[in-house]
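Could you build the full structure based on these sequences and the hints that come with them?
Here is what each chain is made of, one letter per residue.
There are 2 protein chains.
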Amino acid sequence: MGNLIIGQSGGPTAVINSSLAGAIKAATINGVEHIYGMRYGIEGFLQGNIFDLGAYFTNLYDLSLLKRTPAAFLGSCRYKLPAWKDDEATYKKIFDLLEEYKIDKFLYIGGNDSMDTIQQLYDYAVAHGRSERFVGIPKTIDNDLPFTDHTPGYGSAAKFIATSMKEMIQDNESFGAGEPRIAVVEVMGRNAGWLTGATALSKDTDCGGPDLIYLPELPFDEDDFTARVEKILSHKKSIVVAASEGLRLADGTLVCDYGMDASHTDAFGHQQLSGVGRMLANALSYRLGCKSRAIEFSLLQRCATHMTSRTDIDEAYNVGYIAASKILEGETGTMVTIQVDSREPYVAHYEMHDVHGIANVEKKVPLDWITEDGTYVTDEFINYVKPLVIGMIEPHFAAGLPKHLKIK
Amino acid sequence: MGNLIIGQSGGPTAVINSSLAGAIKAATINGVEHIYGMRYGIEGFLQGNIFDLGAYFTNLYDLSLLKRTPAAFLGSCRYKLPAWKDDEATYKKIFDLLEEYKIDKFLYIGGNDSMDTIQQLYDYAVAHGRSERFVGIPKTIDNDLPFTDHTPGYGSAAKFIATSMKEMIQDNESFGAGEPRIAVVEVMGRNAGWLTGATALSKDTDCGGPDLIYLPELPFDEDDFTARVEKILSHKKSIVVAASEGLRLADGTLVCDYGMDASHTDAFGHQQLSGVGRMLANALSYRLGCKSRAIEFSLLQRCATHMTSRTDIDEAYNVGYIAASKILEGETGTMVTIQVDSREPYVAHYEMHDVHGIANVEKKVPLDWITEDGTYVTDEFINYVKPLVIGMIEPHFAAGLPKHLKIK
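Line by line, the protein sequences are chains A and B. If you count the first sequence from 1, position 288 lands on 288 in the numbering used here, and the numbers rise without skipping. If you count the second sequence from 1, position 301 lands on 301 in the numbering used here, and the numbers rise without skipping.
No lab work stands behind these hints: they were computed from the structure. We put the beta carbon where it would ideally sit given N, CA and C, even for glycine. It cannot be assumed that every hint is accurate.
Stated by the list, open to error - The calculated label-pair distances, taken between Cβ atoms and stated as ranges, are:
no.: 1; chain 1: B; residue 1: Y101; chain 2: A; residue 2: E230; range: 32 to 42 Å
no.: 2; chain 1: A; residue 1: K291; chain 2: B; residue 2: A55; range: 44 to 54 Å
no.: 3; chain 1: A; residue 1: D379; chain 2: B; residue 2: F51; range: 26 to 36 Å
no.: 4; chain 1: B; residue 1: E380; chain 2: A; residue 2: K406; range: 24 to 34 Å
no.: 5; chain 1: A; residue 1: P82; chain 2: B; residue 2: I407; range: 55 to 65 Å
no.: 6; chain 1: A; residue 1: Y346; chain 2: B; residue 2: D224; range: 50 to 60 Å
no.: 7; chain 1: B; residue 1: H235; chain 2: A; residue 2: K85; range: 35 to 45 Å
no.: 8; chain 1: B; residue 1: K231; chain 2: A; residue 2: K291; range: 39 to 49 Å
no.: 9; chain 1: A; residue 1: N383; chain 2: B; residue 2: A55; range: 28 to 38 Å
no.: 10; chain 1: A; residue 1: K291; chain 2: B; residue 2: D341; range: 38 to 48 Å
Stated by the list, open to error - With a Cα cut of at most 27 Å, we get these calculated DSS-like pairs of lysine-lysine:
no.: 11; chain 1: B; residue 1: K403; chain 2: A; residue 2: K408
no.: 12; chain 1: B; residue 1: K408; chain 2: A; residue 2: K231
no.: 13; chain 1: B; residue 1: K25; chain 2: B; residue 2: K291
no.: 14; chain 1: A; residue 1: K291; chain 2: B; residue 2: K406
no.: 15; chain 1: A; residue 1: K386; chain 2: A; residue 2: K203
no.: 16; chain 1: A; residue 1: K326; chain 2: A; residue 2: K291
no.: 17; chain 1: B; residue 1: K408; chain 2: A; residue 2: K291
no.: 18; chain 1: A; residue 1: K406; chain 2: B; residue 2: K403
no.: 19; chain 1: A; residue 1: K203; chain 2: A; residue 2: K364
no.: 20; chain 1: A; residue 1: K102; chain 2: A; residue 2: K25
Unchecked claim - Chain A residues, not near chain B, derived (Cβ > 12 Å throughout):
no.: 21; residue: R39
no.: 22; residue: S64
no.: 23; residue: D96
Here it is, written out as structure tokens:
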């Protein structure tokens, strides 16, 4: 039996290392001789950055710590392989390296672009009669992969975002006797509003939730937005708005690009860029004359491993475990998917899906899961995301801070 | 025996409600007939916004939930009372209200300005031969109150910031095969660098910590800063810088004000403001031509109750408990302080300190706790903050999210 290699690619998530832990576990108990890791994804692999990953994990504590480690333990990349028909040399190099290390099983944890990598490698192998196998493990906080009910990484990001929303709404409501206070919270997700919509989870008996939610699936109208905020201001002093970083105007311009002005430089002589949150907060300050602030969750929404969802971390582990088990049984050219049988109670199972056609589809929020006025998500959306944030996994603490596993 | 009232003031912290819980507990077991709360601090009090707080807490679960609730449960204000000699009418109104509700014990949880309120009320009472008593309960994430070793709220903010730093540094290191990546993280604290310095806690065997730390205690020099980053770039691809929001240039200009340019408006026609993080990240992008991003912890650093320090939350509870106990014994015109007898093992006790002289002093980081080159904190600093982040208190979860107590 040949060796196995595994890599991580694209933007990290809070649970991408759980998938790695699951794959290592399955490969280990199935007696794979060498489990290799590629540093910095396929980009590092092409530079020969390959190491003995199995040697890192000689006890269960390390795997448990790996599950609690944020960011890509192996390192990641944003590197899109050329189509193999355009650049056989690159592929020859990859397969030479696989041969050199006696690797015939290749697992790759990632999103759309990573599944394109799996697809290209699989197609090349088939076209050249090679025996190496390639299986994809889904991962993305954006939740935009098709054919899977949802994507590992999404649930934890949704949980962190909804938790932070609850806390910030409480904070924003603290100053009720003074001037109105408006906060515009910018949430990740360029083309799909899954994470922005998840802010609605904060709405409960102990929290009113955001007042307005703007997803990138619908065009954004500044006049309508300010009019709505003005109306809410007539009966409420604290307003919190959730806005996707990818909001576009009706003509397709990104709101964040719209804020750029090449003629402007700051006092240091540098041009300044603006995010959506700041654009919208400024719009309110100037048009309504009220105090408003922009808040960005930024990297925290994808790396806050201190606040993960148990459901998500378990599913991330499972897709890794299943991918490694299946590739050992002969599976190739596929990605693991999560299929949900029941949301309440939550029951899910896993399937394998042909990797072709995954890379080019971005799954967006269905338009009928957005309210008619375009400023909130419906109950269908909330029922969809609700089970994905359930459960907690506590960090391992040392000196009061979460402990992580670091590659040497 | 008369009744007791309690209020919260200034920027909230993750543990300000623990102090409230401690005070309610002590007042309850000591048989205070009515425990009143003021909504929105002294500002709401002056508007007659007073309610029966004791009626809210009829079981221990509620107090436990209050300890886990972010932001000011009672509501807060940023309202500075005029000096009593300048405006006797306002003080007459306050004391009339106290009489109306038969209140002779007044507790106020807050920072510098709030201690000024306690001082003014106490001085007025003394000057007018009144019997009402006034005691302050310290609170501020900024840790800038004098006469107390540290301030409740600081430890939890430090813990959240250091935890997030660890996670973001791991994230930033993920892309090691591509271009260098620089993140500038802006941390709260206008004049004191206690929170910015706490980012150094992230440095451990599993994390290199921030590469540079800039505190507001020392002037900031852009040339020196970019030169240092350039030097680090020669051997490291991931750089994370921690910068206080209150950094100033040598001439005293705030870096964040320096970024303003009244002549510039964005495409919506609004002037844009910039934070320190964005200013510094832009400086690096333009001067070194490298990818850099600005990250703001923003409100999260003061309201992330999902990640509090047990030490901090216990001390916050204790200062509230002691304040209520002491005021019942006749104490007035004082603030509770924390005195640390030993940092390792950590042993602390509580004292009462004359409230005069507290309001006008901002305790800053001692200059000899900053390294000579001004870009890091020393071991003295780290040993100081280390015990304050120890221990965890888990939220009460409902449907996967932390549950809070909300005022009705």
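Quick rundown of the hints versus the structure:
{"no.": "1", "hint": "Y101(B) x E230(A): 32 to 42 Å", "in the structure": "holds, 38 Å"}
{"no.": "2", "hint": "K291(A) x A55(B): 44 to 54 Å", "in the structure": "violated, 33 Å"}
{"no.": "3", "hint": "D379(A) x F51(B): 26 to 36 Å", "in the structure": "holds, 34 Å"}
{"no.": "4", "hint": "E380(B) x K406(A): 24 to 34 Å", "in the structure": "holds, 26 Å"}
{"no.": "5", "hint": "P82(A) x I407(B): 55 to 65 Å", "in the structure": "holds, 60 Å"}
{"no.": "6", "hint": "Y346(A) x D224(B): 50 to 60 Å", "in the structure": "holds, 55 Å"}
{"no.": "7", "hint": "H235(B) x K85(A): 35 to 45 Å", "in the structure": "holds, 40 Å"}
{"no.": "8", "hint": "K231(B) x K291(A): 39 to 49 Å", "in the structure": "holds, 41 Å"}
{"no.": "9", "hint": "N383(A) x A55(B): 28 to 38 Å", "in the structure": "holds, 36 Å"}
{"no.": "10", "hint": "K291(A) x D341(B): 38 to 48 Å", "in the structure": "holds, 44 Å"}
{"no.": "11", "hint": "K403(B) x K408(A)", "in the structure": "violated, 39 Å"}
{"no.": "12", "hint": "K408(B) x K231(A)", "in the structure": "holds, 23 Å"}
{"no.": "13", "hint": "K25(B) x K291(B)", "in the structure": "violated, 52 Å"}
{"no.": "14", "hint": "K291(A) x K406(B)", "in the structure": "holds, 24 Å"}
{"no.": "15", "hint": "K386(A) x K203(A)", "in the structure": "holds, 12 Å"}
{"no.": "16", "hint": "K326(A) x K291(A)", "in the structure": "violated, 56 Å"}
{"no.": "17", "hint": "K408(B) x K291(A)", "in the structure": "holds, 25 Å"}
{"no.": "18", "hint": "K406(A) x K403(B)", "in the structure": "violated, 33 Å"}
{"no.": "19", "hint": "K203(A) x K364(A)", "in the structure": "holds, 22 Å"}
{"no.": "20", "hint": "K102(A) x K25(A)", "in the structure": "holds, 20 Å"}
{"no.": "21", "hint": "R39", "in the structure": "violated, 7 Å"}
{"no.": "22", "hint": "S64", "in the structure": "holds, 14 Å"}
{"no.": "23", "hint": "D96", "in the structure": "holds, 19 Å"}
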